[in-house]
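*Asks:* Line by line, the protein sequences give chains Y and U.
In terms of the numbering used here, the first sequence opens at residue 2 and continues consecutively.
In terms of the numbering used here, the second sequence opens at residue 19 and continues consecutively.
Since the hints were made in silico from the structure, they are not lab data.
Check before you lean on any hint, since a few could be wrong.
Some chain U residues judged to face chain Y by a derived CB distance under 8 Å, without partners named [what the hints assert, rightly or not]: (1) Leu102; (2) Phe150; (3) Gln159; (4) Gly160; (5) Trp161; (6) Glu167.
What the simulated footprint calls covered on chain Y by chain U, stretch by stretch (three residues with Cβ under 8 Å from a Cβ of chain U suffice, anywhere in the stretch; the number is not a length) [stated by the list, open to error]: (7) 193 to 203; (8) 411 to 418; (9) 421 to 427.
Cβ pair distances, simulated, as ranges [claimed, not checked]: (10) His97(U) to Ala147(Y): 35 to 41 Å; (11) Ala115(U) to Arg383(Y): 57 to 63 Å; (12) Ala115(U) to Glu328(Y): 52 to 58 Å; (13) Ala58(Y) to Ala151(U): 55 to 61 Å; (14) Ala284(Y) to Gln132(U): 42 to 48 Å; (15) Ala311(Y) to His97(U): 25 to 31 Å; (16) Ala115(U) to Ile117(Y): 28 to 34 Å; (17) Pro312(Y) to His97(U): 44 to 50 Å; (18) Gly149(Y) to Arg127(U): 43 to 49 Å.
Keep in mind the model is a prediction, meaning the values are calculated, not measured.
C-beta: ideal position from N, C-alpha, C; glycine also.
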Amino acid sequence: MQLDARDVDRGATLTADVCVIGAGAAGITLARALAASNHTVLLLESGGFELDDKTQALYKGRTVGLPIDPFVDLGLDAPRLRYFGGTTNHWSGFCRPFPDLDFEQRAYVPRSGWPIARAELDPFYAGAQDVCSLGPYDYSLGYWQAQGLIDQPLLEDPMTPHTVVQLTNRPVLGDVYRSEIVDSPNIQLVLWANATRLALGDDGNAIESIDVKTLTGNAFSVTASAYVVATGGLEVPRLLLASHDRRSTGIGNEHDLVGRHFMEHVNIAAGPAALTVDAAALAPYSPVLHTVDVNGAPRDVSLQAVMLLAPDVLRREELRACEVTLEYPFTPDDPRLERVYPGTRRGVELLAAQGITAKTVVTARVLCEQEPNPASRVTLVRARDALGMPRIQLDWRLTRNDRVSMLRTMQKVGVELGRRRLGRLRVDISGYTNDDPRSDDDVDYAVNTGSHHMGTARMSADPTQGVVDANLKVHSVANLYVAGSAVFPTSGANPPTLTIVALALRLADHLGTVVPGTAVVTSPPDETPPDETPPAEVSGDAGAEPVEGAQ
Amino acid sequence: MAPPFADRAFADRAGEHPLGSMQDLLEPHEQGQRGLGREHRVGRRTFVGLLAAGGVAGIGAARGLGRLSAAAATVRDTHAPDGLVLLGRAYLHDHPAESDADRLVRRLRGVDPQRKIRPQLATLAPAIADDFAAGRVVTVQGWQLAITEARAAAAVSLGR
Chain Y
2 MQLDARDVDR GATLTADVCV IGAGAAGITL ARALAASNHT VLLLESGGFE
52 LDDKTQALYK GRTVGLPIDP FVDLGLDAPR LRYFGGTTNH WSGFCRPFPD
102 LDFEQRAYVP RSGWPIARAE LDPFYAGAQD VCSLGPYDYS LGYWQAQGLI
152 DQPLLEDPMT PHTVVQLTNR PVLGDVYRSE IVDSPNIQLV LWANATRLAL
202 GDDGNAIESI DVKTLTGNAF SVTASAYVVA TGGLEVPRLL LASHDRRSTG
252 IGNEHDLVGR HFMEHVNIAA GPAALTVDAA ALAPYSPVLH TVDVNGAPRD
302 VSLQAVMLLA PDVLRREELR ACEVTLEYPF TPDDPRLERV YPGTRRGVEL
352 LAAQGITAKT VVTARVLCEQ EPNPASRVTL VRARDALGMP RIQLDWRLTR
402 NDRVSMLRTM QKVGVELGRR RLGRLRVDIS GYTNDDPRSD DDVDYAVNTG
452 SHHMGTARMS ADPTQGVVDA NLKVHSVANL YVAGSAVFPT SGANPPTLTI
502 VALALRLADH LGTVVPGTAV VTSPPDETPP DETPPAEVSG DAGAEPVEGA
552 Q
Chain U
19 MAPPFADRAF ADRAGEHPLG SMQDLLEPHE QGQRGLGREH RVGRRTFVGL
69 LAAGGVAGIG AARGLGRLSA AAATVRDTHA PDGLVLLGRA YLHDHPAESD
119 ADRLVRRLRG VDPQRKIRPQ LATLAPAIAD DFAAGRVVTV QGWQLAITEA
169 RAAAAVSLGR
């Protein structure tokens with residue numbers, strides 16, 4: 002079912018079993034899964050079905066630290082999209098689960114460690130494969146080589162193992178699931194609805210209602226047994242911090258953690274490599290579209306190999322996670338070469354002097370994990386948006402360790418190329434960072450990012466170390482949950498969306514056990530007349546019981 | 019995904035490195051400092067003055083060629099490729115104590131010190147492989163090089 006928030010009676014209260022704020026990858030996944038388990042869901046979406054400038058402008062904010070979009074400087078609103086489908090509306094579709102090491106507590110990565118293990122997430126990763134229209138849940142190089150769909154990558158080796166990235170051919174989840182959600186009798190999709198305040202009840206331990214406003218001036222509220230904030234790594238802290246009428250520091254912020262530990266993926270072209278192989282040998286590093294079989298049905302998926310460093314290498318060298326690809330091959334005699342990769346001729350001539358012919362020059366691109374850094378944070382500023390909500394300020398910071406790690410990672414790649422007689426790599430990150438920063442405050446970067454906003458409501462079993470617990474429930478609030486990459490304790494060097502979806506499925510599974518479902522209809526939406534069962538109830542007095550005890 | 023030239027790290031330099039001359043191969047910080055940069059642009063009057071002050075040997079000494087002795091003949095190589103020479107000079111800049119042709123050549127395992135160096139570089143392959151395997155790697159202008167090939171480039175650079 003679909004509702005226009007601008008048409009809801011002013012002052013009315015909408016009620017459902019679960020209220021999900023935000024219809025992006027996490028929100029859509031949650032709503033679908035909860036609806037399938039007999040729960041009524043109010044799915045609040047700030048925008049409509051298309052981009053709307055005034056709604057998108059609600060995302061505007063200030064950047065005072067490192068620019069998260071340094072090369073085009075589009076600001077905080079450009080990397081995200083505020084309409085149905087959320088940021089998947091411009092998602093590239095890269096998917097890969099977090100490897101085991103990312104879940105571990107690593108002594109050399111401060112504040113690392115997830116309160117869950119990879120194995121706990123595996124069943125939900127498998128489900129996320131379907132949500133994201135991907136192939137079989139197997140990311141090992143061997144599996145896809147056995148299918149004959151990917152060749153041996155150039156750098157495959159025990160020290161530099163490879164994994165496969167799957168790219169969905171249907172990345173815009175709003176398009177994929179719009180009909181299902183609109184037709185679902187258990188989901189009330191409320192468009193143009195902006196959650197502006199999480200209202201705690203009198204005891205201060207549970208959310209009693211949510212204030213909702215529209216840009217046209219309408220206002221109403223929502224009550225539910227459980228509430229899930231699924232608005233992304235920048236908006237989650239915004240709403241929690243802005244809801245400070247009962248708790249002066251905001252909701253879930255008793256330990257000054259909300260908004261801190263903001264992480265992005267450092268994504269840099271770390272230098273040219275002069276290789277002794279033809280460009281054809283690099284084919285596995287470029288996505289290629291295939292039709293694969295998924296339970297007897299064909300599905301279009303692109304496959305790409307990426308290079309990692311072996312876990313024991315990362316541990317021994319105390320390096321952060323990384324993902325390396327070799328991109329944009331040139332022939333050494335290409336007249337554009339020296340403009341694109343300055344100084345590359347030196348490596349080519351060095352090899353030539355040894356009787357070795359460089360056949361290809363490529364960029365070694367590396368995606369790096371940044372360590373969780375409390376100084377890297379989202380805060381509120383005095384400026385307000387059209388709804389009266391305080392805007393955000395992002396102070397994104399990296400550390401000296403981040404710089405050292407990315408440099409040493411690429412140097413290792415360079416040594417591997419030489420060791421295997423494949424060529425030479427020039428590691429050059431001088432265009433991205435100042436040399437030899439004296440302290441974390443002295444680090445200056447101009448790096449590409451992944452538009453991946455993570456960590457601002459981090460997950461930890463310890464309330465003093467995380468905003469949410471292992472079930473994604475805000476530690477100090479009985480019925481408030483967070484979904485999305487805001488809960489990632491560490492970022493890894495993985496595209497985040499598959500993990501966002503897997504965590505959303507896991508949260509739906511958990512909510513199914515703690516929130517009684519009151520929906521009547523269980524049949525698939527297309528077999529059920531839309532008016533057979535009323536979805537989310539519109540009333541003035543429907544109560545909502547908190548689902549878990551406050552901690 | 020954006021093309022590589024969208025990256026500022028490359029784009030900013032695009033105008034600084036048009037294809038062609040040796041000068042263009044120099045990094046900005048190298049231009050005019052040492053070796054083959056601005057000294058090629060000295061005016062005729064200055065050049066005549068230099069000759070008067072000490073002749074061609076004086077220019078060589080200014081470049082460090084004065085340290086050539088017994089190995090001078092084997093490393094002298096006016097046709098050495100520019101890129102190789104620049105890497106060699108960069109190595110010597112970082113390791114000035116090695117700016118001695120005799121010692122450099124002696125360290126090149128497999129090279130006959132009585133013959134020209136550059137044509138023998140192909141024979142260094144086993145030593146270079148050993149270096150990479152053993153982690154004897156040095157960073158020269160960002161290039162991850164085996165120490166043997168870096169020293170070989172340095173030796174060649176001394177002869178030009």
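*Asks:* Confirm or reject each hint.
*Replies:* Hint-by-hint comparison with the structure:
1. A hinted interface residue such as leucine 102(U) counts as satisfied when its beta carbon comes closer than 8 Å to some beta carbon of chain Y; here the least separation is about 5 Å, so the hint holds.
2. Given hint, phenylalanine 150(U) at the interface with chain Y, holds; its Cβ is 4 Å from that chain's nearest Cβ, closer than 8 Å.
3. Hint status for glutamine 159(U) relative to chain Y: holds, with the closest Cβ pair at about 7 Å, below 8 Å.
4. Because the closest C-beta pair between glycine 160(U) and chain Y is about 4 Å apart, less than 8 Å, the hint holds.
5. Residue-level restraint check for tryptophan 161(U) holds (minimum Cβ-Cβ distance to chain Y is 5 Å; threshold 8 Å).
6. The beta carbon of glutamate 167(U) is positioned within 8 Å of a beta carbon in chain Y (closest approach about 7 Å), and the interface hint is therefore held.
7. Under a criterion of three residues with beta carbons nearer than 8 Å to beta carbons of chain U, the stated coverage of the region 193 to 203 of chain Y fails, only 0 such residues being counted.
8. Chain U is given as covering the region 411 to 418 of chain Y, and this holds because 4 residues of the stretch bring a CB closer than 8 Å to a CB of that chain, at least three being needed.
9. With 4 residues having a Cβ less than 8 Å from any Cβ of chain U, the region 421 to 427 of chain Y passes the three-residue criterion, so the hint holds.
10. About 52 Å separates the C-beta atoms of histidine 97(U) and alanine 147(Y), a value inconsistent with the hinted range of 35 to 41 Å.
11. Distance hint check for alanine 115(U) and arginine 383(Y): the Cβ-Cβ separation is about 59 Å, which falls inside the suggested range of 57 to 63 Å.
12. Look at alanine 115(U) against glutamate 328(Y): about 39 Å separates their beta carbons, and that is not inside 52 to 58 Å.
13. Checking the proposed 55 to 61 Å range against alanine 58(Y) and alanine 151(U) shows it holds: the Cβ atoms sit about 58 Å from each other.
14. As the Cβ distance of alanine 284(Y) to glutamine 132(U) is approximately 47 Å, the hint placing it in 42 to 48 Å holds.
15. Roughly 44 Å separates the CB atoms of alanine 311(Y) and histidine 97(U), a value that falls outside the hinted 25 to 31 Å.
16. In this structure the hint that alanine 115(U) and isoleucine 117(Y) lie 28 to 34 Å apart at CB is violated, the actual value being about 54 Å.
17. Between proline 312(Y) and histidine 97(U) the CB atoms are about 49 Å apart, so this pair conforms to the stated range of 44 to 50 Å.
18. Taking 43 to 49 Å as the suggested C-beta distance range, the pair glycine 149(Y) and arginine 127(U) conforms, at roughly 45 Å.
In terms of the numbered hints stated before, the structure departs from hints 7, 10, 12, 15, 16, listed from lowest to highest.
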